[in-house]
Amino acid sequence: MVLSVEVLCKEAQQCEQKQRKKYTATLEQLSAFEVLLDEVYVDCRPKPSDYDTRRDLLRIFNEIAKEVYGYSADAPVVEVFGSFSMDLFCVKSDLDLSVNFTNRKVNITREKKIQTLRKFSKKFYLLQRNGFVYGVNPVTTARVPVLKVVDRGTEIECDISVENWDGISKSKTIYMIGAIDERFRKLSFLMKAWAKAQNINSAKDQTLNSLSIILLVAFHLQTRNPPILPPFSALFRDGNDSLAVESSVCEFSNYGISNKESVAELFVSLLNKLLSVEKLWSEGLSASTFEGSWISRTRGFGVGHINVEDFADRSQNVARAVGAAEVKKIYSCIQLSVQHIFDFFSKKIGGNSLREFLFGQDLASKLAGTGTAKSIAKGIQACASGKKEVQSVALSEGNKKTVPVDSILTKSRTSARSPRGMAQGKRKLLGPTDSSLTKRSRTDDWLGGTFSELSRRQPGQQPMPYYLTNSWEPVAMISREAMYNRPQPVSFEPTYGRMRFAKPSGHPNQIAPTVPHMFPSRPLIGSQISYEPLRHPVGYPNSVYDSRHSSAYFLPPHPRSF
Numbered sequence: 278m279v280l281s282v283e284v285l286c287k288e289a290q291q292c293e294q295k296q297r298k299k300y301t302a303t304l305e306q307l308s309a310f311e312v313l314l315d316e317v318y319v320d321c322r323p324k325p326s327d328y329d330t331r332r333d334l335l336r337i338f339n340e341i342a343k344e345v346y347g348y349s350a351d352a353p354v355v356e357v358f359g360s361f362s363m364d365l366f367c368v369k370s371d372l373d374l375s376v377n378f379t380n381r382k383v384n385i386t387r388e389k390k391i392q393t394l395r396k397f398s399k400k401f402y403l404l405q406r407n408g409f410v411y412g413v414n415p416v417t418t419a420r421v422p423v424l425k426v427v428d429r430g431t432e433i434e435c436d437i438s439v440e441n442w443d444g445i446s447k448s449k450t451i452y453m454i455g456a457i458d459e460r461f462r463k464l465s466f467l468m469k470a471w472a473k474a475q476n477i478n479s480a481k482d483q484t485l486n487s488l489s490i491i492l493l494v495a496f497h498l499q500t501r502n503p504p505i506l507p508p509f510s511a512l513f514r515d516g517n518d519s520l521a522v523e524s525s526v527c528e529f530s531n532y533g534i535s536n537k538e539s540v541a542e543l544f545v546s547l548l549n550k551l552l553s554v555e556k557l558w559s560e561g562l563s564a565s566t567f568e569g570s571w572i573s574r575t576r577g578f579g580v581g582h583i584n585v586e587d588f589a590d591r592s593q594n595v596a597r598a599v600g601a602a603e604v605k606k607i608y609s610c611i612q613l614s615v616q617h618i619f620d621f622f623s624k625k626i627g628g629n630s631l632r633e634f635l636f637g638q639d640l641a642s643k644l645a646g647t648g649t650a651k652s653i654a655k656g657i658q659a660c661a662s663g664k665k666e667v668q669s670v671a672l673s674e675g676n677k678k679t680v681p682v683d684s685i686l687t688k689s690r691t692s693a694r695s696p697r698g699m700a701q702g703k704r705k706l707l708g709p710t711d712s713s714l715t716k717r718s719r720t721d722d723w724l725g726g727t728f729s730e731l732s733r734r735q736p737g738q739q740p741m742p743y744y745l746t747n748s749w750e751p752v753a754m755i756s757r758e759a760m761y762n763r764p765q766p767v768s769f770e771p772t773y774g775r776m777r778f779a780k781p782s783g784h785p786n787q788i789a790p791t792v793p794h795m796f797p798s799r800p801l802i803g804s805q806i807s808y809e810p811l812r813h814p815v816g817y818p819n820s821v822y823d824s825r826h827s828s829a830y831f832l833p834p835h836p837r838s839f
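Here the working numbering = 1-based position in the sequence shown + 277.
I should point out that these hints are in silico values taken from the structure, not numbers from a laboratory.
Nothing here was measured: the structure is a model prediction, and the numbers come from that model.
Accuracy of the hints is not assured; some may be wrong.
Under the rule of at most 30 Å between Cα atoms (straight-line distance), these lysine-lysine pairs were calculated in the BS3-like manner [what the hints assert, rightly or not]:
hint, residue 1, residue 2
1, Lys-369, Lys-449
2, Lys-481, Lys-396
3, Lys-343, Lys-463
4, Lys-299, Lys-343
5, Lys-298, Lys-324
6, Lys-295, Lys-463
7, Lys-298, Lys-287
8, Lys-400, Lys-390
9, Lys-343, Lys-537
10, Lys-425, Lys-606
11, Lys-389, Lys-463
12, Lys-324, Lys-389
13, Lys-298, Lys-606
14, Lys-389, Lys-425
15, Lys-324, Lys-463
16, Lys-537, Lys-449
17, Lys-287, Lys-606
18, Lys-295, Lys-473
19, Lys-390, Lys-425
20, Lys-463, Lys-399
21, Lys-537, Lys-481
22, Lys-624, Lys-299
23, Lys-299, Lys-287
24, Lys-399, Lys-343
25, Lys-625, Lys-287
26, Lys-537, Lys-299
27, Lys-605, Lys-473
28, Lys-396, Lys-343
29, Lys-390, Lys-463
30, Lys-556, Lys-473
31, Lys-324, Lys-481
Work out the full structure, taking the sequences as your base and the hints as a guide.
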């Protein structure tokens with residue numbers, strides 16, 4: 278039976294008040310819990326290298342798309358969405374990708390999406406046979422067809438969909454809403470970490486997906502007194518496109534400044550709120566972030582075991598995957614978590630025991646060995662703000678990660694000869710901490726004045742990543758050893774009318790610049806170099822640079838003719 282909105286809202290409020298009286302905490306107890314949550318948040322937040330790894334994977338997937346569809350203007354663009362674009366991801370989070378053929382929201386048929394995924398799957402099966410990826414699995418029966426693939430080096434699972442503009446739009450919206458109040462981003466991150474540790478954060482296992490957790494957090498902040506976030510309807514009054522939402526978000530900056538609740542208070546009260554409405558979901562109770570209040574699901578669709586309204590399509594329930602048996606598991610985890618928190622308040626258990634139960638044994642052991650993780654907060658804050666320059670951060674001994682030299686495997690690859698007849702030589706296979714798809718090594722950026730964290734490591738500690746397909750890739754990044762095993766680039770000096778071998782100078786991971794005319798059969802291959810900073814200007818025929826005094830070097834179209 279579905280009750281009216283008024284009856285459901287009144288009953289939900291009464292249940293929440295009863296639950297609040299049952300569990301009360303003092304300011305001192307909440308302060309201790311706040312310190313614990315701060316430690317967990319700082320330690321779980323991704324490091325600058327984690328951002329770099331995912332950006333590299335995104336770039337490589339775009340290169341793969343060009344290989345699949347050809348180096349032309351018709352090649353699709355791979356865009357990221359989900360937790361990474363929301364800045365709510367952790368080290369083990371999946372990477373959600375969308376293959377887009379258009380720059381506008383144009384719906385294509387389901388058959389076309391499946392056909393595209395099958396085309397990509399052929400390429401990834403080839404990479405899987407060569408040991409770069411594993412777990413290639415096209416799921417074409419899902420509501421949104423997806424291709425799953427796991428990068429062997431980083432163990433990052435990538436979920437590839439086609440023209441997923443809905444996911445891209447939602448991700449941008451949630452990211453912008455996070456700018457209204459920092460507590461939304463922090464509480465969302467902690468709730469996701471809690472759900473992951475409790476094994477209740479997986480739609481394929483019929484538990485809560487990440488979007489439903491984030492929207493439950495947003496709904497909780499909307500229903501506080503005073504509210505911390507506005508109803509999403511206020512943000513969408515001028516439209517739900519990115520520009521309109523961004524303009525509205527600016528107007529609601531510091532909207533919840535009058536609410537002084539800490540993240541610890543909000544964490545506990547959210548769990549209590551969910552406990553109080555356990556019996557009301559089946560009666561049609563639904564959390565609506567669009568209206569910022571409880572509503573009744575009476576719009577002609579079934580009532581789920583947990584109901585969280587989709588703010589972009591209000592007819593949908595983002596928690597529809599939750600099963601009958603799984604909802605009992607979810608509420609068992611919530612009940613036990615609340616009980617452990619209040620056992621901590623009454624000093625029946627210690628902080629390490631609470632951390633272990635809420636966020637997993639691995640994290641608890643790590644924090645116990647390192648103490649507080651405040652020493653890395655500055656680097657995380659700089660990365661989250663979008664700055665490329667990240668200062669050196671002192672890590673404790675427990676946080677230092679080194680890769681033994683023995684774990685770095687080196688192998689000679691004998692494959693097809695290049696168009697110029699140059700052998701590929703030795704190439705280094707990747708160790709367990711590197712991406713098997715990443716082909717950009719960390720180079721110092723002379724244009725932006727930055728220096729990557731990875732390039733500061735000593736040789737032998739970290740293998741340089743690269744990407745290599747069966748076809749010869751002239752701009753593939755190479756290892757330090759391969760730099761000197763490979764024939765040196767040719768330097769053309771028009772003044773002298775002859776060739777000579779150039780001696781590469783500078784950083785050992787530097788790659789030789791190239792131009793579009795290098796390989797006539799693949800005229801656009803030279804444009805790939807634009808992803809990398811160049812130490813010297815590239816010399817072109819009839820270049821404006823004075824080649825007599827320039828240190829530029831390049832491969833002319835036909836070296837033998839000079």
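Do the hints match the structure? See the list:
no.	hint	result
1	Lys-369 with Lys-449	holds, 21 Å
2	Lys-481 with Lys-396	holds, 24 Å
3	Lys-343 with Lys-463	violated, 37 Å
4	Lys-299 with Lys-343	violated, 60 Å
5	Lys-298 with Lys-324	violated, 40 Å
6	Lys-295 with Lys-463	holds, 27 Å
7	Lys-298 with Lys-287	holds, 17 Å
8	Lys-400 with Lys-390	holds, 16 Å
9	Lys-343 with Lys-537	violated, 51 Å
10	Lys-425 with Lys-606	holds, 27 Å
11	Lys-389 with Lys-463	violated, 39 Å
12	Lys-324 with Lys-389	violated, 38 Å
13	Lys-298 with Lys-606	holds, 25 Å
14	Lys-389 with Lys-425	holds, 18 Å
15	Lys-324 with Lys-463	holds, 16 Å
16	Lys-537 with Lys-449	holds, 27 Å
17	Lys-287 with Lys-606	holds, 27 Å
18	Lys-295 with Lys-473	holds, 28 Å
19	Lys-390 with Lys-425	holds, 14 Å
20	Lys-463 with Lys-399	violated, 40 Å
21	Lys-537 with Lys-481	violated, 37 Å
22	Lys-624 with Lys-299	holds, 18 Å
23	Lys-299 with Lys-287	holds, 19 Å
24	Lys-399 with Lys-343	holds, 14 Å
25	Lys-625 with Lys-287	violated, 35 Å
26	Lys-537 with Lys-299	holds, 22 Å
27	Lys-605 with Lys-473	holds, 16 Å
28	Lys-396 with Lys-343	holds, 12 Å
29	Lys-390 with Lys-463	violated, 35 Å
30	Lys-556 with Lys-473	holds, 24 Å
31	Lys-324 with Lys-481	holds, 28 Å
Violated hints for the displayed structure, listed by number in ascending order: 3, 4, 5, 9, 11, 12, 20, 21, 25, 29.
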